[in-house]
Amino acid sequence: MARGSVVIESAHLRTLILTLQREGYQVIGPTVRDGSIVYAELSSDGDLPVGWTDEQEAGHYRLRRRDDQAVFGYAVGPHSWKRFLLPSPFVLWRARRTADGVLEETPPADAPRYAFLGVRSCDLHAIRVLDRIVLAGTAVDPIYAHRREQAFIVTVQCANFAPRTCFCVSMGTGPRATAGYDLALTELLEPGAHRFVVEIGSERGANLLAHVPHRPARAADLRAAEQAIARTATQMGRRLDTNGLKAALYANLEHPRWNDVAERCLTCGNCTMVCPTCFCFSVEDRTDLSGNVTERVRQFDVCFTTAFTYTAGTSHRHSARARYRQWVLHKLATWVDQFGTFGCVGCGRCITWCPVGIDITEEAAVLSSRRGAGAEDT
Amino acid sequence: MPRRARPKLAVWKFASCDGCQLTLLDCEDELLAIADRFHIAYFLEASSATVRGPYDLSLVEGSITTPEEVERIHAIRRHSRVLVAMGACATAGGIQALRNFADVAEFKRIVYASPEYIRTLERSLPASAFVPVDYELPGCPPSKEAVLELLTAFLQGRKPRIPQHSVCIDCKRHGITCVMVAEGTPCLGPVTRTGCGALCPRYRRGCYGCFGPMETPNTTSLNTWFTQQLGIQETRLLPLYRSFNAAAPAFAAVALGISAAHVNERSGNELPFASKVERARDDG
Ligand code: SF4
Ligand code: SF4
Ligand code: SF4
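First to last, the protein sequences are chains A and B.
Residue numbering for the first sequence follows the working numbering, beginning at 1 and increasing consecutively.
Residue numbering for the second sequence follows the working numbering, beginning at 1001 and increasing consecutively.
A portion of the hints provided could be inaccurate.
[To be verified] Taking lysine to any residue pairs in the SDA-like style, the calculated list, with each CA pair at most 20 angstroms apart, reads:
1) B:Lys1159 with A:Leu245
2) B:Lys1144 with A:Gly291
3) B:Lys1159 with A:Thr309
4) B:Lys1144 with A:Asp288
5) B:Lys1159 with A:Arg64
6) B:Lys1159 with A:Val336
7) B:Lys1159 with A:Pro191
8) B:Lys1144 with A:Thr309
9) B:Lys1159 with A:Ala312
10) B:Lys1144 with A:Leu289
11) B:Lys1159 with A:Asp288
12) B:Lys1159 with A:Thr306
Hints listed in this document are in silico derivations from the structure and should not be mistaken for laboratory results.
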């Protein structure tokens, strides 16, 4: 929960980034690259997408110029934080056989201490979903755990743009972030008073702010921030009715819509790759020609390939229908049974980055609409 | 010296541009290790010294286009323990398989002063059309990594990893922004087999389909998106699919469907080249 709020002038975003770097963090944040806003290492505030926004629709993304100097006036892009928390490909270990037959092992490289700048509310929830999967329980993933523990999180509250493919309001994951950050910025674009309201979420956050010029937040600042976020909430481009969704999907395993979507689905795997919670990976052993060096590599895998279910000489999900159904059912139904939460946080990435614009909210609405469709569908 | 006898490696050329063989020669850092582990028994592009068969591993480059080549691929198969078709020509017929969609007799008449000297098959075909093939390495050319993986797997007696999924998955693994979604550039990546490391999207081009159809290519859906959302004329899709893997069944079927639907319009050969299609934007 917030430990109070302060205000920093827009010019001091630079100081915030510099301070993080001085504290030994590698600062990762939004930047324009090849026609979209991606997450990459920032050398300074100059790398941020100032004055840019995005236009998103199903299967469509365009960078557009804004007529102001907003730093965070856009929705999420194709990257998510799992790129850094679950690096892929990742060499788990490498071993070399020496001349006398002894195996010499090289452990994985040290992880950088990340500071994530610009983590939206949906993505904070996505990280929480990943926490439940790879941190809770008996099998803790040390690669994730280490990066996650170290990461300094600067959230940005969603404001100053109209989200087209987002549906965080439906999923209860945004647009306002209420916990899970060290600092949370809300950008206020008033003419002549471009500033950030900063909510302090942790002691680490408070300590860092000691190095960044700021003043106490006034009631008017807080009110303006709340209004900006509330406006975003009313502008959601998508919605998904989650009431009874799981049961409805389970009841509709033979719904004819699965065939319909399968005709459109390319089984290309873009949706799972951009999803901030899709965590499946495969592990390969790679060897060199000499047979003396071997490495075990982990990388993201995708339930849309036939190799994903290849067992005992065959794949078990041959049709596009079976594979799309697996994905949607996992996101919106079986995930709930497995991890006690939806596997979807409503970020809209899969909608935007599907090359043929398949929209999970549209599909789920139809697929959950006619219960017990199986009977008439054989 | 290695403890065991080194397996005998042979590299064969059929109708092709030599690019696949060059990929092997391009393994500069690994060439010594390859020569150390394999007995390079037949590889004319590297050495004119040859050793008679049988061979443990034969890499076949190029498509089968003449009656002599039919005999030769059978002979090679007989003398090879493991036979691998390498590259788009050997696995799908290559760019020269464009002839499969035209009248070869007419080509001969137009191109050659004395066509009676030309003995050629009606179609350019992959090795697998004539002999059993153990593995197919796709690509025009296959990547160096894929060739090394094949050789390594052979030495270790395991199956090589030859992924069959879309280019898109590797685009995303590399953090490349999708050229189709973000720029409206038509891209064959969703229906094309991975293996190139998403080379073209990395340089902001649409995928040309060098590695041929992926495991379950849904060209119908992709083409619908090309025409309806990106505003590309259907006839302009033809050159997209008519390239290095034109005769791969999934791509050939698309192109045949398109040309059949536009049979009274201009012929495929006169259509604008794929690069022009690539530049098509949906901005308008
Ligand atoms: S399923 Fe789609 S909308 Fe939901 S979290 Fe994943 S990418 Fe975002
Ligand atoms: S839903 Fe879209 S992004 Fe996902 S596999 Fe199908 S076509 Fe690709
Ligand atoms: S650029 Fe092409 S290959 Fe890459 S994700 Fe987009 S459609 Fe797929």
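Hints and how they fare:
Restraint check for lysine 1159 of chain B and leucine 245 of chain A: not satisfied, since their Cα atoms lie roughly 43 angstroms apart, outside the 20 angstroms limit. With a CA separation close to 18 angstroms, the supplied pair lysine 1144 of chain B and glycine 291 of chain A stays within the 20 angstroms bound. Restraint check for lysine 1159 of chain B and threonine 309 of chain A: satisfied, since their Cα atoms lie roughly 18 angstroms apart, inside the 20 angstroms limit. For a cut-off of 20 angstroms, the pair hint linking lysine 1144 of chain B to aspartate 288 of chain A stands: about 13 angstroms separates their Cα positions.
The suggested pairing of lysine 1159 of chain B with arginine 64 of chain A is violated, with an alpha-carbon distance near 48 angstroms, which exceeds 20 angstroms. Restraint check for lysine 1159 of chain B and valine 336 of chain A: the C-alpha separation of about 38 angstroms exceeds 20 angstroms, so the hint is violated. Between lysine 1159 of chain B and proline 191 of chain A, the direct Cα distance comes to roughly 65 angstroms. Violation of the 20 angstroms bound is thereby established for this hinted pair. Our distance criterion of 20 angstroms between C-alpha atoms is broken by lysine 1144 of chain B and threonine 309 of chain A, whose separation comes to about 28 angstroms.
The straight-line distance between the Cα atoms of lysine 1159 of chain B and alanine 312 of chain A is roughly 15 angstroms, inside the 20 angstroms bound, and the hint therefore holds. Restraint check for lysine 1144 of chain B and leucine 289 of chain A: the C-alpha separation of about 13 angstroms stays at or below 20 angstroms, so the hint holds. With a CA separation close to 14 angstroms, the supplied pair lysine 1159 of chain B and aspartate 288 of chain A stays within the 20 angstroms bound. Proposed proximity of lysine 1159 of chain B and threonine 306 of chain A is supported: the alpha carbons are some 17 angstroms apart, at most 20 angstroms.
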